[in-house]
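Undergrad: Take a look at the letters that make up each chain.
Protein chains: 2
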Amino acid sequence: MKIIRSLTAMTAWSEQLRREGVRIGLVPTMGALHEGHRALIRAARLRCDALVVSIFVNPTQFGPNEDLAKYPRPLSRDRALCEKEGIDVCFEPTVEAMYPSRFQTTVALPAIARRCEGEVRPHHFSGVATVVTKLFGIVRPRIALFGQKDFQQSALVRQLVKDLDLGVEIVVHPTVREADGLARSSRNIYLLPDDRIRAATLYKSLQAGGEAIRRGVTDGATIQSEMAQVLKKESAITIDYLAVCDPATLEPLLSVTRQAVLLGAIRLGSVRLIDNILVSAKQARHKL
Amino acid sequence: MKIIRSLTAMTAWSEQLRREGVRIGLVPTMGALHEGHRALIRAARLRCDALVVSIFVNPTQFGPNEDLAKYPRPLSRDRALCEKEGIDVCFEPTVEAMYPSRFQTTVALPAIARRCEGEVRPHHFSGVATVVTKLFGIVRPRIALFGQKDFQQSALVRQLVKDLDLGVEIVVHPTVREADGLARSSRNIYLLPDDRIRAATLYKSLQAGGEAIRRGVTDGATIQSEMAQVLKKESAITIDYLAVCDPATLEPLLSVTRQAVLLGAIRLGSVRLIDNILVSAKQARHKL
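Protein sequences appear in the order of chains A and B. Per our numbering: the first sequence = residues 1 to 288. Per our numbering: the second sequence = residues 1001 to 1288.
One or more hints might be untrue.
To be verified - Below 25 Å or equal to it, Euclidean Cα-Cα: the simulated SDA-like pairs (lysine to any residue) are: (1) B:Lys1162 / A:Val95; (2) A:Lys162 / B:Lys1070; (3) B:Lys1162 / A:Glu92; (4) B:Lys1162 / A:Val161; (5) A:Lys162 / B:Glu1169; (6) B:Lys1233 / B:Thr1222; (7) B:Lys1070 / B:Thr1094; (8) B:Lys1162 / A:Tyr99; (9) B:Lys1162 / A:Arg5; (10) A:Lys2 / B:Gly1167; (11) B:Lys1233 / B:Ala1248; (12) A:Lys232 / A:Thr249; (13) A:Lys162 / B:Val1161.
Because the hints were derived from the structure by calculation, they are not lab data. Please read these numbers as outputs of a predicted model, since none were measured by experiment.
With the hints as constraints, model all of the structure from the sequences given.
TA: This is the structure in structure tokens:
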């Protein structure tokens, strides 16, 4: 496995392979790799000839009061996982190389970015869109894989690639969960033992919303309220938002008649968790 | 010469040639090609193996009260010029293909964009940055050429390519002028005969600023005032701005000690004209 830190060396490696017709895959990460990333990497392996994992804790997608400084950076363990999974290149650019002095360009998707996570984290998605555009420019993959856990991010990246004609195929891989349903996340390690047990309630709440839809409930507000009821049983949990949205546009759905994404974000102590599930409306499933 | 209107056909053409190691050049234009474009095309020819000229009157870089609707579109004459100059592909995307429904991504360079043209045309450069990013994504050139007449645009594109790692070499070609010094522009045809004569005063004003610098004047405000004096002799001319700026950042220079760009924009009747020249400070030249 090659470890590449220089942007130009990364591009040179990719350009050489592209000329030889090699299909390059990219799994962009912020490191602190877990089973979710491993699943992404394995899914990517099946879809490309050469695989790049980027590890970059992107400062521009963190807000001023967020956890940039304390975000976990277990680099040698991450490299070992990449090595074991047969990654070709571990791309580890520095913040200085990615954002040199006079850097000023921002990429924004105002419609998708304003909902859900965007309401709580106003600059987050502009940071994501900008760094993804940069990573695609540097690595020049044919395909890139994202985890469904960050659903809004994956919807944003799909729209970004379409809008800016970036020519990268986007694959969204299902969320990997713990036995109790908690979505795997680099931030789970910060949960205190009792909160770790409570954390699974987020997924249970989404499932309750999904059950309601499968029972035939179509009203968005009713579904949202069924999700909220589950979470309200745990007084330690603060709800950031619960939403029933169109999977492509992230617009809230007043009525669920086709596919919907149920999204939630909660706080447990100092830890913030997000999760989501895709559900098809009863009538839509009957039509299949 | 191929005429390509489809985005995917354009990318397929480029990808095929890139795999063969062909160096693709792009001259992005809004059509209404004149001697300035011809010079760009000829300069491009010397620097690449295959040349694409794009013709696209980009709506997102026009303000609501600007001349989008009446912008000249002499397509068959443009194609004939391209054919004669040995262009390989004339790329003519439609507005609908470039900006389909749900299109929402914007690319912005707030620091460079806020000066000069950006003050008068607040959304102009975001439109330029977005369409250039798209054109580079679709055509995937190794090199792209821009005219110095739109100096701020070329500075913005250089910074954009650097910031988003677009991997395209940017060449800025000197402005082509009429015998009296007026910069060639697609909008010159709208000048009434008397205004056409007065229009050359803009270049004379920039030259006066250049003369001042060559005489040893370093104070930005003094240089600006010498430029203004020339224009004020023509009462039919309205000055939009005159500026003495750093060529890379477009920041106004209080003192000219190295290279400066002198920029101006005027209105003559309903026609708006811009121009600029690059000048090196007396002391900087002595150091050479």
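Undergrad: Now, for every hint given, state plainly whether the structure supports it.
TA: How the hints compare with the structure:
1. B:Lys1162 / A:Val95: With Cα atoms ~15 Å apart, lysine 1162 of chain B and valine 95 of chain A stay inside 25 Å; holds.
2. A:Lys162 / B:Lys1070: Violated, because 30 Å separates the two Cα atoms, which is more than 25 Å.
3. B:Lys1162 / A:Glu92: holds, 19 Å
4. B:Lys1162 / A:Val161: holds, 19 Å
5. A:Lys162 / B:Glu1169: holds, 24 Å
6. B:Lys1233 / B:Thr1222: holds, 17 Å
7. B:Lys1070 / B:Thr1094: Holds. Lysine 1070 of chain B to threonine 1094 of chain B sits at ~17 Å (cutoff 25 Å).
8. B:Lys1162 / A:Tyr99: holds, 10 Å
9. B:Lys1162 / A:Arg5: It holds: about 17 Å lies between the C-alpha atoms, which stays within 25 Å.
10. A:Lys2 / B:Gly1167: holds, 22 Å
11. B:Lys1233 / B:Ala1248: With Cα atoms ~31 Å apart, lysine 1233 of chain B and alanine 1248 of chain B exceed 25 Å; violated.
12. A:Lys232 / A:Thr249: Answer violated: lysine 232 of chain A to threonine 249 of chain A is near 28 Å, above 25 Å.
13. A:Lys162 / B:Val1161: The hint holds at about 19 Å.
Hints 2, 11 and 12 from the list above are not met by this structure, while the remaining hints are.
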